[in-house]
Amino acid sequence: MEIVTKKEGSSAVVSVTGRIDAITAPEFEKGLTALMAGGDYTLVLNFTHLEYISSAGLRSILSTAKQLKAKGGKMLFFGLQGPVKDVFKISGFGSIFTIFETEEEALRQV
Amino acid sequence: MSRSPVNIRIPATLESLHPLIEFVTSCAQRRGMSQARIREIELVMEELLVNIFNYAYPDQPGDVEIACRPDDAGNLMVEIADEGVPFNILTQKDPDRELGIEARNIGGLGIYLVKRLIRDIRYRREGNRNILTLTVDPATQMNS
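In order, the protein sequences belong to chains L and W. Basically the numbering used here = 1-based index in the first sequence + 345. Basically the numbering used here = 1-based index in the second sequence + 218.
Pulled out of the complex, with its shape left as it was, chain L reads as follows (with noise of 0.2 Å):
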């Protein structure tokens, strides 16, 4: 996994390649952390490029999610393909997150 990070405007572009598993999860939430910690309250996540995600990355979202409300932040997605899209959609992610097919897309929700 590899996690790159760009700014826009108020927002951090966080795009994320590879796979995101029991085994590279907590570094994901990591680099998450490390954003909020530095004050990146809106993140997009560009997942264009992430080929798989279990529950161990859900979790990992969910949990930053859930601290970035707490501060009055949000967590935006674009880019889902096929396995990733159809985990988000079994799990009932894609109803309580905000999906978008392009960066442009999601920047204009910011």
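The set of hints was computed from the structure by calculation and includes no laboratory data. By construction, the Cβ of each residue, glycine as well, lies at the ideal position given by its N, Cα and C atoms. Some hints here could point you the wrong way.
Estimated spans, in silico, between C-beta atoms of each pair [unchecked claim]:
| # | chain 1 | residue 1 | chain 2 | residue 2 | range |
| --- | --- | --- | --- | --- | --- |
| 1 | W | Arg342 | L | Ala382 | 44 to 52 Å |
| 2 | L | Met381 | W | Ser252 | 36 to 44 Å |
| 3 | L | Met381 | W | Gly250 | 44 to 52 Å |
| 4 | L | Gly384 | W | Pro279 | 22 to 30 Å |
| 5 | W | Asn272 | L | Gln412 | 17 to 25 Å |
Given chain L, work out where chain W should sit, using these hints.
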């Protein structure tokens, strides 16, 4: 194809995750299952194994054993055994998927995903062993 079971037995730790998943996905590959179904099997195995790694052996280390064999109906039978504390995942309550971010609980999602992807799962306690038997049919369950 040989009907005899093939098996692997290694310590129930996170380092064993990928070897155990690969063991099962290569069984599925030999059965000629689609890449899409193999990805689902990968997810199922991760969820079940991480559950065993985290909860089966609270006091002392232990092993996980997996055996694969084809059945006569074109399915792959996967048996996952541990000698840990008795735990039947099938009695776990499904998470409420309607709840919002604040109310939503962190646990329970993994087993829910497993139940959505594998239609036939059986649990039995045999002596000191938890044994889960999955009947993995070749049809994909997720389709976006």
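A quick look at each hint next to the structure:
At roughly 47 Å, the beta carbons of Arg342(W) and Ala382(L) sit within the given window of 44 to 52 Å. At roughly 40 Å, the beta carbons of Met381(L) and Ser252(W) sit within the given window of 36 to 44 Å. For Met381(L) paired with Gly250(W), a C-beta distance near 46 Å keeps the hint of 44 to 52 Å intact. Between Gly384(L) and Pro279(W) the CB atoms are about 42 Å apart, so this pair departs from the stated range of 22 to 30 Å.
For Asn272(W) and Gln412(L), the Cβ-Cβ distance of about 22 Å falls inside the hinted range of 17 to 25 Å, so the restraint holds.
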